[in-house]
Structures are given as C-alpha cells and as structure tokens.
Amino acid sequence: AQKITQTQPGMFVQEKEAVTLDCTYDTSDPSYGLFWYKQPSSGEMIFLIYQGSYDQQNATEGRYSLNFQKARKSANLVISASQLGDSAMYFCAMREQDMRFGAGTRLTVKP
Amino acid sequence: ETGVTQTPRHLVMGMTNKKSLKCEQHLGHNAMYWYKQSAKKPLELMFVYNFKEQTENNSVPSRFSPECPNSSHLFLHLHTLQPEDSALYLCASSQVRGTEAFFGQGTRLTVV
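If you read the sequences in order, they're chains F and R. The first sequence begins at 174 in the working numbering and counts up by one. The second sequence begins at 59 in the working numbering and counts up by one.
Think of the hints as simulated: they come from the structure by calculation, not from any bench. The structure displayed is predicted, hence computed values, not measured ones. No residue lacks a Cβ here, since even glycine has one placed at the ideal position from N, Cα and C. Don't take each hint at face value.
Stated by the list, open to error - One-sided excerpt, in silico: chain R residues whose CB lies under 8 Å from chain F:
id	residue
1	Pro100
2	Leu103
3	Met104
4	Val106
5	Glu142
6	Leu148
7	Thr157
8	Glu158
9	Ala159
10	Phe160
11	Phe161
12	Gln163
13	Gly164
14	Arg166
To be verified - Beyond 12 Å from chain F on every Cβ pair, some chain R residues (computed):
id	residue
15	Ser78
16	Lys98
17	Asn108
18	Asn116
19	Phe133
20	Leu146
21	Arg155
To be verified - Here are the simulated lysine-lysine pairs, DSS-like style, with alpha carbons at most 27 Å apart:
id	chain 1	residue 1	chain 2	residue 2
22	F	Lys189	F	Lys283
23	R	Lys99	F	Lys246
24	F	Lys176	R	Lys98
25	R	Lys110	R	Lys80
26	R	Lys76	R	Lys99
27	R	Lys80	R	Lys98
28	R	Lys98	F	Lys283
29	F	Lys176	F	Lys283
30	R	Lys99	F	Lys283
31	R	Lys98	R	Lys77
32	R	Lys98	F	Lys246
33	R	Lys98	R	Lys110
34	F	Lys176	R	Lys99
35	R	Lys76	R	Lys110
36	F	Lys176	F	Lys246
Sequences are here, hints too, so could you generate the full structure?
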C-alpha cells in the first residue's frame, strides 16, 4: 500500500530565503513517480515538479528543486528565493498506479 | 478552452437533493479522477477511470455515483448526501500511468 508522509503541518520562511518541505514515502514497487503540487487559497492544485524513480538526477523547475534520496525514500521540495506568492498549501504525491497525496504543509512567507 | 474545467464552482444542496458535478478536460488525456478534499484531511482518491472504464472505487458510499461517457468528460452524481460530505471535490486528468495529473479548480460543496 502506498503511504506518503509530510511531517510539517506548517512552515514559515522569510521572503527571499530558501525553504525545504519534507516528504517521505513508502512503496515496494520499483517504478513510481513523485510529485509536488501547490494549492493556493483559491483551491486549484498546481503541478510544480516531478521525479521518476529511475531518474538519476534531482529534478529542477525554476526556483523549485526536488531533493530525491531513493534509499531513504524521501523527496523533499526546496524552494529558493521565497516570494510572498509562494504562501500556500504544498502537497507531496506519489503515483504507482494512481496518484495519492500526503497531508500537506502550509507554507507562509513573511515579508 | 484548455485544461481541466469543473462546474459548478460552488454548490449548496439539501440532503434530499440530487445534483451532478461536471468535469471536462481538453488535454487529450485518457485517465480521469475524482478526489475529495475535506478540512484537515489529505486528498482522498474516490474514483478512477482509465479509457472510460472505472478501475478504482475506494470504498465510496453509493450516494456518490460517477459517470464517464467519454474520455473528455466525467460526472459525479450526488443524491441523499450527508453534511459530512461537504468538501472540495477535485477532478483531475492524466495519461494512463503517465506523469503529472492536471487538476480542475474544484467544486466546493456544502450539504445543508
């Protein structure tokens, strides 16, 4: 069974600083995908970044990077140079057959 | 029109009403999903359709009835709901066993 754990219910970061949001997962399937989504207060889920289980390099998308440590089964999201607009809920997700989500982390960026 | 579109955006219904949520995707995807997002709970996968065939039903009560008439449209028919069914209902689409799923903006449902 899939399990995705986000241990940080809430995080604060100062504007322009970097922040790491934690995610660990549990699976016995060698083939899987890891995802991060952002959910602003408006409700839509915005895809941020993807990491395949066989990818050798950590994924990066602009200010977002995914710190993939396969042996530890962790897929932490790093946001560099935080902006006020980054304040939102962030969800880690894993896909084996279907995509399932962690409980989320609420990030607040302070001016 | 592109992406995943959900209608209505907001819905208030009584426990004896019958209503339907609609989802439409213009991305050429062949898999569609319904998720439920309640306060203080993770997103819950409700139903999965791959190539218009339902492949998963995560023990969802029968008062929720999905319908997928084609690969671009997905409905969630609601009847005799309970107040605890009040939540944000999110539709998503992807390629079957593809990478990311794209989400609609959700329908915020309130059952009174």
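Worksheet item: Can R/Arg166 be said to touch chain F, with a Cβ gap under 8 Å?
Response: Given a least distance of 7 Å, the restraint on R/Arg166 holds.
Worksheet item: Was the hint right that R/Glu158 lines chain F, CB cutoff 8 Å?
Response: 5 Å, holds
Worksheet item: Can R/Leu148 be said to touch chain F, with a Cβ gap under 8 Å?
Response: With a closest approach of 6 Å, the R/Leu148 hint holds.
Worksheet item: Are the Cα atoms of F/Lys176 and R/Lys99 separated by 27 Å or less?
Response: Holds, at about 14 Å.
Worksheet item: Can we keep the R/Val106 interface hint, with Cβ of chain F closer than 8 Å?
Response: Since chain F brings a Cβ to about 5 Å from R/Val106, closer than 8 Å, the hint holds.
Worksheet item: Is the Cα-Cα distance between F/Lys189 and F/Lys283 27 Å or less?
Response: 9 Å, holds
Worksheet item: Holds or violated: R/Lys76 with R/Lys110, Cα cutoff 27 Å?
Response: Distance of about 23 Å is within 27 Å: holds.
Worksheet item: Non-interface claim for R/Leu146: all C-beta distances to chain F beyond 12 Å?
Response: The claim breaks: R/Leu146 does not keep its Cβ more than 12 Å from every Cβ of chain F (closest is about 6 Å).
Worksheet item: Would the stated hint for R/Phe161 survive a check requiring a Cβ distance to chain F of less than 8 Å?
Response: Constraint on R/Phe161 satisfied, holds at 4 Å.
Worksheet entry | Restraint check, 8 Å cut-off on beta carbons, for R/Gly164 near chain F | It holds, given that the least Cβ distance between R/Gly164 and chain F is near 5 Å, below 8 Å.
Worksheet item: At a threshold of 8 Å, is the proposed contact between R/Thr157 and chain F supported by beta-carbon distances?
Response: Status holds, d = 5 Å.
Item to complete: Sort out whether F/Lys283 lies within 27 Å of R/Lys99, counting only the CA atoms.
Response: 26 Å, holds
In summary, the numbered hints that this structure violates are 3, 5, 16, 17, 18, 20, 21, 29, 33.
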